[in-house]
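Once you have looked at the hints, place chain B on chain A.
Given next are the chains, with one letter for each unit.
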Amino acid sequence: MDNHTEKSIGHVQDLSNDGVNRRGFLKCMAWAGTGLVWTMSGGLSASRVFAKTHGKGASKTSDFSFVQISDSHIGFDKAANPDVTVTLQTAINKINALPDAPDFIIHTGDLSHLSKPSEFDTLDQLLRGTSAKQIYFVPGEHDMLTDNGEQYLQRYGKGTKGNGWYSFDHKGVHFVGLVNVANLKAGGLGSLGHEQLEWLEDDLKPKSSSTPIVLFAHIPLWTIYSDWGWGTDDSEQALSYVKRFGSVTVLNGHIHQVMQKIEGKISFHTAMSTAFPQPAPGTAPSAGPMKVPAEQLQRVLGIADVNYVVSGTSLAVVDSALDASK
Amino acid sequence: MKGTCKSRTSNSALTLTIGLLLIVLSGRSSASQPSGSAIHNLVPATNSSDAGTEIKIDNFAFVPGALTVKTGTRVIWVNHDDIPHTVDSTEGKFRSGALDTDDHFQFLFMDPGEYQFFCRLHPKMTGKIIVQP
Chain A
0 MDNHTEKSIG HVQDLSNDGV NRRGFLKCMA WAGTGLVWTM SGGLSASRVF AKTHGKGASK
60 TSDFSFVQIS DSHIGFDKAA NPDVTVTLQT AINKINALPD APDFIIHTGD LSHLSKPSEF
120 DTLDQLLRGT SAKQIYFVPG EHDMLTDNGE QYLQRYGKGT KGNGWYSFDH KGVHFVGLVN
180 VANLKAGGLG SLGHEQLEWL EDDLKPKSSS TPIVLFAHIP LWTIYSDWGW GTDDSEQALS
240 YVKRFGSVTV LNGHIHQVMQ KIEGKISFHT AMSTAFPQPA PGTAPSAGPM KVPAEQLQRV
300 LGIADVNYVV SGTSLAVVDS ALDASK
Chain B
0 MKGTCKSRTS NSALTLTIGL LLIVLSGRSS ASQPSGSAIH NLVPATNSSD AGTEIKIDNF
60 AFVPGALTVK TGTRVIWVNH DDIPHTVDST EGKFRSGALD TDDHFQFLFM DPGEYQFFCR
120 LHPKMTGKII VQP
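These protein sequence lines are chains A and B, in that order. Going by numbering that gives the first Met the number 0, the first sequence opens with residue 0, and the numbers climb by one from there. Going by numbering that gives the first Met the number 0, the second sequence opens with residue 0, and the numbers climb by one from there.
With the rest of the complex left out, here is chain A (with noise of 0.2 Å):
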C-alpha cells in the first residue's frame, strides 16, 4: 500500500517502546505541513509538492474543485480536542480562503460524536459560514446511534434511498454517496448490504466508462486494518462495478488520518478530520483519540481540496493540515 502522502506530510510517530500511549503525549512529532498533489495519467501516477501554481483560476469551464472534509465529531469535548467547533472553524476558514471557492463539500460522515439534534444543529450552523454553495454528506457510525440513523436521515436524507445513499452528476463527473455504517454484524467491519449493492450496480450501468466516477463513504472501502474495524466487508463487489471505468476516485473517512492507494485506474483517499487524530495502524493499543501537544493539534487536522481537470483524466487530491498555509 502506498502511504507517500504519509511520509512527505510527515505523519511521523515515535514507534519506541516509550511510545504510544494515545491518551498522552507524543513526543516526537515531525511534521512538514506541506500539501502533496497526486495526479494521475492514464492510471500511472505522479506526484509534485504543491505549489503556488494551484489556484490561477479555473479557464476551463469544466475543470472544477470540490473539498472533502470528515468526522467533525460535533459534541465531543475529551482531551484529544477539548472544542472540536474551534477547529471545524478553523477548517471552513481555510475552505473560504482558498484561490478558487470549491463547487461544493463533500463531508464523510460522523458529523456528529453521538447523534444529539444539538450536535446535528451546531454543525449546520458552523457550516453555513462556507463559500460552499453546496455540502453533501454521508453518515459515520456516530451519526447513526439513534434508532439506526433516523436523526441524521430526518436532516440529510432528503432524496436518498435506504439507511442514506444516492448519486448525483456534477459537470459530468459521476458521484455516489455510500452508507457502510449501518446494521454493522458482530465482529464484522463496515458493511453496504445487498439492497445498496443491487441498487450501486444499477445506477452505475447506463454510465459510459469514459465517465470519471467519485465513490465517498465513511469507512474505508478497502481493508486498511481489520483489527481496528478499517475496512469493509463486501466493499469487493462495490469495486467490482467500477472496474470498467477510466477514473475512480474513492474517498472516505473514519481513521482520522490520510491513507492513499491506486489499484489500476482506482485512487483511493483518506481524508483527515477536523475534531482530533487517531493513531497509525498497530501504534496504540486502540484507534481511539490521539492526544497531541496542544500547538500541534493544527497539524493532524485537515482539508482535503480535490480538483478536477478536464483535459486530465483523474483527480487530483491535496490534502492541507489546518496550520499549512498556501
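Read the hints as simulated data drawn from the structure, not as lab findings. There could be a bad hint or two in this list.
[To be verified] If you want a taste of the chain B side facing chain A, the calculated C-beta under 7 Å gives, among others:
| no. | residue |
| --- | --- |
| 1 | 54 |
| 2 | 58 |
| 3 | 59 |
| 4 | 63 |
| 5 | 77 |
| 6 | 81 |
| 7 | 88 |
| 8 | 89 |
| 9 | 117 |
| 10 | 121 |
| 11 | 122 |
| 12 | 123 |
[Stated by the list, open to error] Pairs of lysine to any residue, SDA-like flavour, derived with a Cα cap of 25 Å:
| no. | chain 1 | residue 1 | chain 2 | residue 2 |
| --- | --- | --- | --- | --- |
| 13 | B | 123 | A | 284 |
| 14 | A | 264 | A | 168 |
| 15 | A | 170 | A | 309 |
| 16 | B | 123 | A | 92 |
| 17 | A | 184 | B | 96 |
| 18 | B | 55 | A | 145 |
| 19 | B | 127 | A | 157 |
| 20 | A | 157 | A | 199 |
| 21 | A | 115 | A | 126 |
| 22 | A | 184 | A | 165 |
[Stated by the list, open to error] Covered stretches of chain A (chain B as the covering partner; in silico rule of three or more C-beta atoms under 8 Å from a C-beta of chain B):
| no. | stretch |
| --- | --- |
| 23 | 94-104 |
| 24 | 111-117 |
| 25 | 180-194 |
| 26 | 271-281 |
Cβ coordinates follow ideal geometry from the N, Cα and C atoms, glycine included.
Only chain B this time, still in chain A's reference frame:
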C-alpha cells in the same frame, strides 16, 4: 430491548422508588420471573446472587471478554474509554444505547444460556456472558 440503567442521579431515585413498589407488589423472588423484561433492569438487588458483576469497556475492548455468571446475576458494563460505545445483544435481547465515558448499562440475566454482545459503533468489539443455572 433498550436498557434503561445509566448512571444518573434522577434515574437512581426513580429506580429505587419503582423497585420498592415492585417488591411490595410481587411478593416473590425475582429469580422466578422471566428474563429480558425492562422491569428487571429497575429492580434493585434483593438477593446475594444479584450483587452486580462488572465488565469494563476500555481501549475498544470489553474486559473481560467472556464472563460466566449464575442466573439472577446483574451484569454492569461501565465505559471507561474516551469514546462512546454500545452494548448490543447479537439476538436483540438487550441494547444499551450510546454509552459515553463513565456511562453504564446493566442487565439482569435470568435464563441460562450464552449471550453474545458487541459494540454497534465498533463491531470488532465482542464479548459474551455465559449464564449457568
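Checking each numbered hint in turn, tell me which of them this model violates, lowest number first. 1, 4, 5, 7, 16, 19, 23 and 26
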